[in-house]
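Asks: Here the protein sequences line up with chains D and X, keeping their order.
Just so you know, we're using the numbering used here here: the first sequence kicks off at 1 and counts up by one.
Just so you know, we're using the numbering used here here: the second sequence kicks off at 111 and counts up by one.
Some clues are possibly wrong.
[Unchecked claim] Example chain X residues on the side facing chain D (calculated, C-beta under 10 Å, incomplete):
| id | residue |
| --- | --- |
| 1 | V114 |
| 2 | Q116 |
| 3 | Y141 |
| 4 | E154 |
| 5 | L156 |
| 6 | S158 |
| 7 | Y160 |
| 8 | S168 |
| 9 | M199 |
| 10 | F201 |
| 11 | A203 |
| 12 | S205 |
| 13 | V208 |
| 14 | P211 |
| 15 | G215 |
| 16 | G217 |
[To be verified] Pairs of lysine-lysine residues, derived as DSS-like cross-links and limited to a Cα-Cα distance of at most 30 Å, are as follows:
| id | chain 1 | residue 1 | chain 2 | residue 2 |
| --- | --- | --- | --- | --- |
| 17 | D | K57 | X | K152 |
| 18 | D | K42 | X | K167 |
| 19 | X | K152 | D | K79 |
| 20 | X | K152 | D | K42 |
| 21 | D | K59 | D | K79 |
| 22 | X | K193 | D | K42 |
| 23 | X | K152 | D | K69 |
| 24 | D | K68 | X | K152 |
[Said to hold, decoys possible] Beyond 10 Å from chain X on every Cβ pair, some chain D residues (computed):
| id | residue |
| --- | --- |
| 25 | S7 |
| 26 | P8 |
| 27 | L11 |
| 28 | R12 |
| 29 | S24 |
| 30 | S28 |
| 31 | E56 |
| 32 | K59 |
| 33 | L62 |
| 34 | K63 |
| 35 | T76 |
| 36 | E81 |
| 37 | D82 |
Calculated from the structure, these hints are not laboratory results.
Quick caveat: nothing in here was measured; it's all calculated off a predicted structure.
Every residue, glycine too, gets a C-beta built ideally from N, C-alpha and C.
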Amino acid sequence: EDQVTQSPEALRLQEGESSSLNCSYTVSGLRGLFWYRQDPGKGPEFLFTLYSAGEEKEKERLKATLTKKESFLHITAPKPEDSATYLCAVTNFGNEKLTFGTGTRLTIIP
Amino acid sequence: EPEVTQTPSHQVTQMGQEVILRCVPISNHLYFYWYRQILGQKVEFLVSFYNNEISEKSEIFDDQFSVERPDGSNFTLKIRSTKLEDSAMYFCASSETVNQPQHFGDGTRLSIL
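Please model the complete structure; the sequences and the hints are all you need to start from.
Replies: Right, here's the structure in full:
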């Protein structure tokens, strides 16, 4: 069974203080690893897809990287509007479903 | 930008009643999904739907649940006889193909009394 573990559960940063969120996964055959952002009371908002180890994707202050066992979401010089829960999810070649981790709740303090 | 829309945003129902949650996926998408998120827990897969039939379902998706695409735009989740433990946020998602990102609606909060 696919498993996704995210750490830390919660992270508080000062505005401008860079950090990284971790997503470790166990999957029988990785089809894709997905990062989503979720604001309170809203649905997950798609950020990135990574398909193979070594791949990197960037969008504004966020950069996602992938190895054979884990993915990192690096946030550089965050702003208060980056505060949200960041979710990691995987799919494998045997099915279509997303298997989610429990997320990292990120708070950026002005 | 195209988006997935869900109605209602909040549904309150008595235990044992039937409920239908509605979704309008993104128009050129071919794969449709339902997930749920119990308060404080992770997002869980319920069912996927392609070419007018269920392609995959989880253990949660038992005989009380059904899905339908009644026309070219709507995708519905029906719970036949609701239980207290069905209280959760239900998300609909859609994707162009099986390997493309799934895009989510803002969910329906289902409260069973």
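Asks: Looking back at the numbered hints, which does the structure fail to meet, lowest number first?
Replies: none
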